Amino acid sequence: MKVIALPANLDEAAFDPMAAALAGARSGAVAAGVGAGETPPGPPLLVDAAGVRWVDPYGALSVLAVGHAARASGRVARFRPPASPEVTSYLRRMGFFRHAGGVYELHGEVGQGEDTESDVLLEITAVTDHGDVHRVVDRVYERSGTILSTQLGYPRELAMQFGTIFSEVCQNIIEHAQAPGWVATQTYHWRKRLGRKVVMIAVMDLGVGFRGSLEGEHAAGYAGRWGDAAALEAAFMHGVTRFRDPGRGQGLQQIRRLVGRVDGRVSIRSGTARISDVPDWSDTPPLEQNLPYFPGAQICIVLPARETPA
Amino acid sequence: MQRIEHTPQVVPFHFDLSDHVRRSVATLYSHLVTRPTGQALRMGIETRIRESDGPCVSVLDFTEVVVLDFSCADETVAKLIRRYCAEDPPAPAYFLARGVAGHHRETLETVLIRQGMALVADVTGVGPRLLGYATELEHAVWAAVEDAGSLGLAELPARVEGDGVGDAASTLVARRVVVPGQGGRLHSLSRLALSAA
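Line by line, the protein sequences are chains P and W.
Here the working numbering is used: position 233 in the first sequence is 814, and no number is missing along the way.
Here the working numbering is used: position 186 in the second sequence is 237, and no number is missing along the way.
What the hints contain is simulated information worked out from the structure, not anything from laboratory work.
This one's a predicted model, so the numbers in the text were calculated from it and none came from an experiment.
Certain hints may be false.
The following residues of chain P were derived to be distant from chain W, with all beta-carbon distances above 12 Å [as the list claims (entries may be wrong)]: (1) 592; (2) 605; (3) 631; (4) 661; (5) 679; (6) 701; (7) 711; (8) 717; (9) 728; (10) 862; (11) 887.
These stretches of chain W come out as covered by chain P in the derived footprint (C-beta under 8 Å, 3 or more residues) [claimed, not checked]: (12) 82 to 95; (13) 153 to 160.
With beta-carbon atoms standing in for the labels, derived distance ranges [to be verified]: (14) 101/W - 825/P: 24 to 32 Å; (15) 737/P - 215/W: 38 to 46 Å; (16) 98/W - 806/P: 44 to 52 Å; (17) 98/W - 683/P: 35 to 43 Å; (18) 213/W - 864/P: 47 to 55 Å; (19) 208/W - 732/P: 24 to 32 Å; (20) 731/P - 184/W: 33 to 41 Å; (21) 820/P - 175/W: 50 to 58 Å.
All C-beta atoms in this analysis are idealised placements derived from N, C-alpha and C, irrespective of residue type, glycine included.
Please put together the full structure from these sequences, using the hints given.
Below you can see the structure in the form of structure tokens.
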């Protein structure tokens, strides 16, 4: 059995090691393959969260994504829940186990029911069609208005545009990934990192990724430079899409603009690259390449409170 | 408001967009988001325009719209304008947005500018504005017509400084953000829509 032991802090920084472990398990399985042309499923995968002490929406979606990727390659995926009752309780509030049950064999106590608490702006929500996008926007709008204006100090007009971010990132899954995905969001107080409250939005899918979405229309124009990083740059920086409709390609551009207005951070990982809009408070590199391969796209948006709340 | 002499006859249609989208997609969607929603909305508006017998003004009412995303704005507004403000439109239609709040305005401006389009909008608390792409001179000519309600082409140079005022006026007519009348007069689209309502 291949074991991926999750770190104490399960957040965006934990994703690349998880992807590397999964890729290592996959290449090991191929090395031990039974013959040319066959893709052996490999040994069962155990994702061990026993040592997790803190998890954010990105971390929770990462675990689902890893499990799905393992299952897609024909492997049995197992999950050991966190030993910490607080972390397990949080994951339950996020609806994690409802989704994980369809992906993993669960090995351990996860408790019953799904508590509802106000710190969760949006539980883990599957996005498979445009109806889901409407439900996400409705839900977020119901819950976020007061938080954004009173706790984060955003002007009302800006808070009203919060739903637009969700709508566009979720449509990105449906129209570009060509596969289902998930979205989740929550508010935190980042005392050490920023000294302010933040809203974190995590969005993940296991679709064709940016490279796969753009390759047919645009790869030839990049000659030898085409790859995951070039595809991300094209979409993220220049609004390039596979559609010829001139109205397309605005979503990510407008998300960047809205997030930039509140000094927030956007990062998108796809394939083997990650691209980010980096505010002063973050030390994330603007472009990372040669990362461990992972299918689809993984988006992280952090919206910090204004420094002087209104 | 007095009716403008030699006013072109237009038929006004009023679309409460949030109400219309509910009927169009048969679901209680309270926000204008996603491309399919925008497509449904646009098809409903196009049906009404087809049923009209002559020039018409479609009043797109955003008063009850809370969230408007870029995809839906593009599918509804930008594609309507692209189709009906083309050289050979399927019908002589004009569009006026009303109840446009600040966050609607920003989204509409974004999708219009991206495609070099313009739209007359009654912006809440501000009044009629020309949104989207227009040159400084086109803005000035549009504002002069808007202020006066109706102006002859010969009157424009006295009100707007700059070369090419006539060309700017022609562009505004072609883009259907002012309405041409008899004797080369230009009419304010917002006033025409209000007087015809």
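We went through each hint and held it up to the structure:
no.	hint	in the structure
1	592	28 Å, holds
2	605	39 Å, holds
3	631	40 Å, holds
4	661	38 Å, holds
5	679	24 Å, holds
6	701	20 Å, holds
7	711	4 Å, violated
8	717	9 Å, violated
9	728	16 Å, holds
10	862	25 Å, holds
11	887	17 Å, holds
12	82 to 95	holds (count 6)
13	153 to 160	holds (count 4)
14	101/W - 825/P: 24 to 32 Å	26 Å, holds
15	737/P - 215/W: 38 to 46 Å	41 Å, holds
16	98/W - 806/P: 44 to 52 Å	47 Å, holds
17	98/W - 683/P: 35 to 43 Å	42 Å, holds
18	213/W - 864/P: 47 to 55 Å	50 Å, holds
19	208/W - 732/P: 24 to 32 Å	55 Å, violated
20	731/P - 184/W: 33 to 41 Å	37 Å, holds
21	820/P - 175/W: 50 to 58 Å	29 Å, violated
Of the numbered hints given earlier, the model fails hints 7, 8, 19, 21; all others are met.
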